[in-house]
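Asks: This is what each chain is made of:
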Amino acid sequence: MRGAKPFPPGLSRPAPLRVVVLASLVLAVSLSPGDARAQGVPGEDTRTASLADLTLEQLSSIVVTLVSRRDETLADAAASVFVITSEDIRRSGVTSLPEALRLAPNLQVAREDANRYAISARGFNSVLANKMLVMIDGRTVYSPLFSGVFWEAQDVLLEDVDRIEVVSGPGGTLWGINAVNGVIHVVTRSGADTHGGLAKGGIGTEDRIAAARYGARLGKADVRAYTQYREKENTERPDGTEVQDASDRIQAGFRADWTAASNVVTLQGDAYRGRIDQVISERELRGANVLGRWTRDLENGQKLRVQAYYDHTERDQPGAINEVLGTYDIELQHGFHPTARQNVVWGGGFRYQSDRVENLSPALAFRPASRILRVGNVFAQDDIAIREDLLLILGLKIEYNDYTEFEYLPSARVSWKPRENRLVWGAWSRAVRAPSRVDREFYVPADPPYAVLAGGPEFDSEVAYVYEIGYRDQITEAFTVSFTGFHHDYSELRSLEPSPAGPVFDNGVEGRVSGLETWAGYRTGQSWRVSAGFVYQDKELEVSPGVGAPDLGNDPNHWWIVRSSLTMLREFEFDAILRYVGSLPQPHVPSYTALDARLGWTLDRRAELSVRGRNLLDDHHAEWGAPAARPELERAVFAQVTLRI
Amino acid sequence: MTHLRLWRRLVPAALLTWYAVPALGAPADEPSALERRVKAAFLYKFAAYVTWPTPPASGSSFSIGVLGDDALAAELGRVVAGRTVEGRPVTVYRVSETDSLGNLHMLFVGRSRTSQLEAIAAAAREHSILTVSEAEGALSMGSVINFVLSSGKVRFEISLGAARKSGLALSSRLLGVALSVVDHRTNGGP
Chain E
1 MRGAKPFPPG LSRPAPLRVV VLASLVLAVS LSPGDARAQG VPGEDTRTAS LADLTLEQLS
61 SIVVTLVSRR DETLADAAAS VFVITSEDIR RSGVTSLPEA LRLAPNLQVA REDANRYAIS
121 ARGFNSVLAN KMLVMIDGRT VYSPLFSGVF WEAQDVLLED VDRIEVVSGP GGTLWGINAV
181 NGVIHVVTRS GADTHGGLAK GGIGTEDRIA AARYGARLGK ADVRAYTQYR EKENTERPDG
241 TEVQDASDRI QAGFRADWTA ASNVVTLQGD AYRGRIDQVI SERELRGANV LGRWTRDLEN
301 GQKLRVQAYY DHTERDQPGA INEVLGTYDI ELQHGFHPTA RQNVVWGGGF RYQSDRVENL
361 SPALAFRPAS RILRVGNVFA QDDIAIREDL LLILGLKIEY NDYTEFEYLP SARVSWKPRE
421 NRLVWGAWSR AVRAPSRVDR EFYVPADPPY AVLAGGPEFD SEVAYVYEIG YRDQITEAFT
481 VSFTGFHHDY SELRSLEPSP AGPVFDNGVE GRVSGLETWA GYRTGQSWRV SAGFVYQDKE
541 LEVSPGVGAP DLGNDPNHWW IVRSSLTMLR EFEFDAILRY VGSLPQPHVP SYTALDARLG
601 WTLDRRAELS VRGRNLLDDH HAEWGAPAAR PELERAVFAQ VTLRI
Chain W
1001 MTHLRLWRRL VPAALLTWYA VPALGAPADE PSALERRVKA AFLYKFAAYV TWPTPPASGS
1061 SFSIGVLGDD ALAAELGRVV AGRTVEGRPV TVYRVSETDS LGNLHMLFVG RSRTSQLEAI
1121 AAAAREHSIL TVSEAEGALS MGSVINFVLS SGKVRFEISL GAARKSGLAL SSRLLGVALS
1181 VVDHRTNGGP
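Those sequence lines, one after another, are chains E and W.
Those letters in the first sequence? Residues 1 to 645, by my numbering.
Those letters in the second sequence? Residues 1001 to 1190, by my numbering.
If you're looking for bench data, these hints aren't it; they were derived computationally from the structure.
Take these hints with a grain of salt, some might be off.
To be verified - Stretch-level coverage of chain W by chain E, calculated; a stretch enters the list once three of its residues show a Cβ under 8 angstroms from a Cβ in chain E: (1) 1038-1044; (2) 1142-1150; (3) 1153-1163; (4) 1172-1182.
Glycine residues also receive a C-beta, built at the ideal position from the N, C-alpha and C atoms.
Sequences are here, hints too, so could you generate the full structure?
Replies: Following this line, the structure appears as structure tokens:
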């Protein structure tokens, strides 16, 4: 029985009882949306109630800050976003970042050999795919040599990954040139989430991995340090000969987070070294980066974020080029509410890259060998609540680059939320891929006459106008679906045009990609989850006779994935992933269906054993490359022990 | 490239990084709207995973007090409208430091009242009130549950010692979801 009790001793100044009964007031507020808005919470009256229907775990997984540059949940994002969670990664048993990306149905991932991958969304896939923006904790990892990602140079300790956000479709208004077909953002856990020790060791028919991490609270900071070593064996061609692509690499890094009142400061860095066999000698990769980020909540819901990083990479490719790239990047962003109905994010950034290439071969050359590249930008985006359930999102980024100077990246989005967890959205965007060094400064052979190709001194930006419409719904607590229809209209795509001096890169190709991305998930209790995704896309290029269109992607027109995650007796986990990829046209790669399965046994919270089988359905299949030379991926088994202290 | 040269390259980067990071120690401030909504939902959910020492009187309401964050109190009012805790209606009170806490089951102490948290938590303990806070180091000030932001998500940490002293039993499910659980028997830090 609880009754009125004396004033608590710890509290001074006894005063008349003036507890304000709020319930009736609140009822009044919820009946009059105007008042709620006056509190600076536009259009959110009906939303809180249904959050209370979520489980503790679901509440714990709602992202309230960061990557989208705005505070929003996945359910509210007016874009085609798929989030790969840390649990998805663990349960799938994947051992590398590119393999983890296969879990996103809106990405096309093709493995070329032991180390190289072709990864893109909405077509134009290639090992040198150049229309995706990829970031690891806010650090851009694409190479200015070709505007794409050297996937073999990117590694993370997967146990420290919090989530991977995969956006298919343009993100240029917020993220800038290169975010034409999609954005991949790998977000690692905060230092506060990785206390304690972790050790893992894995061995398989194709690769071996060993890693250790330790995290603790040091003074006012949450700190962790990790190291990871991995080895990969040669892959094989169907005739049994080995492709010389075995590799090993070691990486180490740290992250420290300070949280003080409304400030969060993060300092993190990594360093790595890798060696990859090739026919002559071996390639060597080295790199290191350090990044600092400061976010601060200001008054009236304002938010300030400053981030700066330095990234150093080296690639030694005997017989081709040695490259040393240094990147300095700083960005600032501020969010505020100019009126109760608006949420504005604006900011700017500057990147300075010094790229030094040593040309080692008479067969090819970058010229000038060394190059300074500068990119500067300012952007603003305004979310306007037209009605409680209707949001208009207008944004513009203006970006300067040394090749084409000013580029404009506008977008307009509308989202309608007829009820909680149901969203209908549409978007129009203009996206741009600015020239990379390959487009302007690459010559084959190294000296004139350039009989094979020459970078085009006039090569201009590739432009895409993108139209999207989407629907996302949580039909029941257990069942979610997402549909996105898209149409990309490209102009100024890269072509190879004849000239008196030899073929030259130009902007002579136009193209269109249209399609549908859809996925759904179903969960029964805590023990079984099943999800599926399907993508259909149709790509058409208009290439004039006599003009070449090299490397504009080798894309399947459909693929699908089905995943099942079953937990038995609390400690046994059985996961299966079945995926199909349609055939690739040029060069022809047959369609394939692959089954991966994992059996996991959690001994207690501290130890976990797992065995994973990959490509279980066939002896071997190819995913990328021309028939004669390409390796085929074989059935593989991998066993892993993970210990947590 | 030698290590020395690599480090020489990293030094200017470190300088740049630190240059861009101003000093800490600014005053506390407002959480975002979404953060507040999630916290409000959590507060309501917590009730189901906590056992209070005295059984409820039939017909009485379950009372949650909110100190120092009126916007969160409003959100919480919306959450609990039409909902119950163990069959009892839920009432949200906006309280001040000078109010009696005796009729409350749960008390949320906003970030702006962190300086008084130690005294408030001590008072709440006398009445077996579940104290929930949102400040760094709040568990060492006697709070039972403390919200923290981790990787952009709202998570919470739990002090088993403080719960025990308040006579509250917390379910293992709640402990399982917590970001961290400390069991210090004194009021000192973990």
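Asks: Each hint needs a verdict: does it hold in this structure or not?
Replies: Hint check:
no., hint, in the structure
1, 1038-1044, "holds (count 5)"
2, 1142-1150, "holds (count 3)"
3, 1153-1163, "holds (count 3)"
4, 1172-1182, "holds (count 5)"
This entry satisfies every hint, going by the numbered hints stated previously.
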